[in-house]
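Student: Using the sequences plus the hints, can you model the full thing?
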Amino acid sequence: MIDKTWPSPAEAVADIPDGASLAVGGFGLSGNPIALIEALLAQGTRDLSVVSNNCGVDDWGLGILLGVGRIRKMTSSYVGENKEFERQFLSGELELELTPQGTLAEKLRAGGSGIAAFYTQTGVGTQVAEGGLPQRYDGAGGVALASPAKDVRTFDVDGQPREFVLEEAITTDFSLIHAWKGDRHGNLVFRKAARSFNPLAAMAGRTCIVQVEHLVEPGEIDPDAVHLPGVYVHRIVEVGPDIPKRIERRTVRERPGEPVASTGSATTIPITTSTTKES
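In my numbering, the protein residues as written are 15 to 293.
Source of the hints: derived by calculation from the structure; they are not laboratory data.
Heads up, a few of these hints could be off.
[Claimed, not checked] Listed below are the simulated SDA-like cross-link pairs for lysine to any residue, each with C-alpha atoms no more than 25 Å apart in a straight line:
1. K164 / A207
2. K259 / A56
3. K164 / G128
[What the hints assert, rightly or not] Here are the simulated distance ranges between beta carbons:
4. D152 / D238: 50 to 60 Å
5. A131 / R220: 27 to 37 Å
6. D165 / R86: 32 to 42 Å
7. P31 / D236: 37 to 47 Å
8. R269 / D165: 48 to 58 Å
9. P232 / E144: 48 to 58 Å
10. A154 / R263: 26 to 36 Å
11. R60 / E25: 29 to 39 Å
12. Q174 / R269: 26 to 36 Å
13. V157 / D236: 28 to 38 Å
14. D152 / E234: 49 to 59 Å
15. I257 / G83: 38 to 48 Å
16. S127 / P175: 25 to 35 Å
17. P175 / E144: 10 to 20 Å
By construction, the Cβ of each residue, glycine as well, lies at the ideal position given by its N, Cα and C atoms.
Tutor: In structure tokens form, the structure reads like this:
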């Protein structure tokens with residue numbers, strides 16, 4: 015077996031050229047491969063076409079590449095947390111292929127599995143199937159590029175004719191991934207919400223680059239515990255468990271039985287914090 019470890023994020027992404035296509039893991043801010051993204055930012059790579067569930071926020075995740083104009087096109091399912099994304103899209107600086115979340119996941123999985131395309135009911139009867147979704151604006155409020163119509167076929171399901179829309183698989187030049195644990199052969203274990211899009215994005219990249227919090231020796235991960243086998247992984251970099259992580263939205267509430275405490279003109283509320291996403 016091949017030792018796939020690399021000494022640093024900078025060296026692992028050094029050959030990603032201008033104009034490359036990337037599949038990037040993460041769900042909200044959970045599981046963002048931030049060390050790899052920062053290394054890509056530092057080396058100046060630009061004109062990128064990126065496939066990812068979302069584009070981070072203005073100062074975190076893919077948002078740091080977007081903020082300095084390094085991304086040409088995004089293929090995503092949710093883009094509502096990034097004001098700079100909105101500005102660039104409406105001004106015509108950024109192209110967007112908006113894709114239903116489950117469809118995006120399956121497009122990545124299909125690409126990694128050698129499946130060229132598949133039919134799904136998601137999007138039937140909408141602009142997803144019929145075309146016309148704005149993909150790039152002209153900067154003056156007009157649509158410069160709209161999505162094309164897709165093939166729709168009728169299949170018999172449980173004795174009933176139902177329409178399905180054809181969706182093509184996604185493959186990219188590279189994929190950037192975050193995993194909780196990995197061994198030197200590239201076998202990976204993800205943690206909680208970080209498992210959502212990271213394995214799928216990993217599968218879709220022709221060259222898969224992974225940052226891991228914990229690097230272990232081959233055999234230390236129980237085969238039954240492997241979430242993604244090393245056959246999909248080409249480079250792995252250990253970044254340590256103290257890699258910065260962000261919470262996309264922090265919610266607060268009073269602790270039961272604890273009254274609100276007043277301190278002068280300010281009010282202090284004993285709180286607990288929670289988030290539905292962990293990386």
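Student: Does each hint fit the structure? Answer for all of them.
Tutor: Going down the list of hints, with the structure as the test:
no.	hint	in the structure
1	K164 / A207	violated (31 Å)
2	K259 / A56	holds (19 Å)
3	K164 / G128	holds (21 Å)
4	D152 / D238: 50 to 60 Å	holds (54 Å)
5	A131 / R220: 27 to 37 Å	violated (18 Å)
6	D165 / R86: 32 to 42 Å	violated (27 Å)
7	P31 / D236: 37 to 47 Å	holds (38 Å)
8	R269 / D165: 48 to 58 Å	holds (55 Å)
9	P232 / E144: 48 to 58 Å	holds (50 Å)
10	A154 / R263: 26 to 36 Å	holds (34 Å)
11	R60 / E25: 29 to 39 Å	violated (20 Å)
12	Q174 / R269: 26 to 36 Å	violated (52 Å)
13	V157 / D236: 28 to 38 Å	violated (52 Å)
14	D152 / E234: 49 to 59 Å	holds (55 Å)
15	I257 / G83: 38 to 48 Å	violated (26 Å)
16	S127 / P175: 25 to 35 Å	holds (28 Å)
17	P175 / E144: 10 to 20 Å	holds (19 Å)
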